[in-house]
Amino acid sequence: MARMKFLCDAERCIVCNGCVTACKNENEVPWGVNRRRVVTIDQGIPGEKAISVACMHCSDAPCMAVCPVDCFYKTEEGIVLHDKDLCIGCGYCFYACPFGAPQFPQDGAFGLRGKMDKCTYCAGGPEQNFSETEFKKYGRNRIAEGKLPACAEMCSTKALLAGDADVISDIYRTRVTKRGKGSEIWGWGTAYGRPEKAAVQPGGK
Amino acid sequence: MRKTMLALLVGALIIGISGCGDRPTVIYKQGKYQGKPDTQPWDNEQFKGDRVAWENAVKARAQGENEYNRAN
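As they're listed, the protein sequences go chains A and B.
Take the first sequence: its position 34, counted from the start at 1, is 34 in this note's numbering, and no numbers get skipped.
Take the second sequence: its position 65, counted from the start at 1, is 1065 in this note's numbering, and no numbers get skipped.
Some hints could be false.
Derived CB-CB ranges, DEER-like [unchecked claim]: (1) Asp-85/A to Gly-1011/B: 52 to 62 Å; (2) Asn-17/A to Ala-1060/B: 25 to 35 Å; (3) Val-1052/B to Gly-32/A: 32 to 42 Å.
None of these hints come from the bench; they were simulated from the model.
Glycine included, C-beta positions come from ideal geometry on N, C-alpha and C.
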């Protein structure tokens, strides 16, 4: 059984925001709602890291636990989705989520909070697959097309991986084994060639 | 008098019928999903209900994220 997950490789993310743009474009997410965003840690300090964050489709999702109307469900593939027809926009899920994934469209003169919107893993929602209603409420259903979320597929450096947990873990493991760790993967040596790989200058010592 | 009676009768009928349009109240069961059932991603024309085919398609797609397959 597939268990769909996201994995962001902090060593590769270059904060291009391509994932954010891809998500916005693919799902036609309204203004003010960001299903995905890029977070930079230790900005300006050498070795700063950035990761792309959205709903992580938790195995034991706290949003599901706190929802007073139980509008959340988990698909067989482990994707956490919700029914917008049931959502009352209370915001409990926002406070429960450690990633700040649930978003609420602000509407009207007094900033009325609308129904919750979040990353659907490009899997649509509880409507007929590929229907207009599904697209309007939840966005594209790429998963039913046998594709992966647009953000991961669009990622230029392939920092953001999406897919079956076992498959993307294998990809990440291979990567880490081949590239090394710590100072081997960033800094002067990587950018300009390691000393042992530097070309011998003619006439040099 | 008759017109008034008729108007009252029509009014009562309209009010009576409008009751039929009430949506059934959702009775919440704590801890259980209350919404509409979702269709499976393999239940469509492309995969024709074949779950294995869908899983294979997604796994093959994920390999596109592994550039070590292509570069090295």
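Structure-based check of all given hints:
{"no.": "1", "hint": "Asp-85/A to Gly-1011/B: 52 to 62 Å", "result": "33 Å, violated"}
{"no.": "2", "hint": "Asn-17/A to Ala-1060/B: 25 to 35 Å", "result": "28 Å, holds"}
{"no.": "3", "hint": "Val-1052/B to Gly-32/A: 32 to 42 Å", "result": "41 Å, holds"}
The structure does not agree with numbered hint 1 stated previously, though it agrees with all others.
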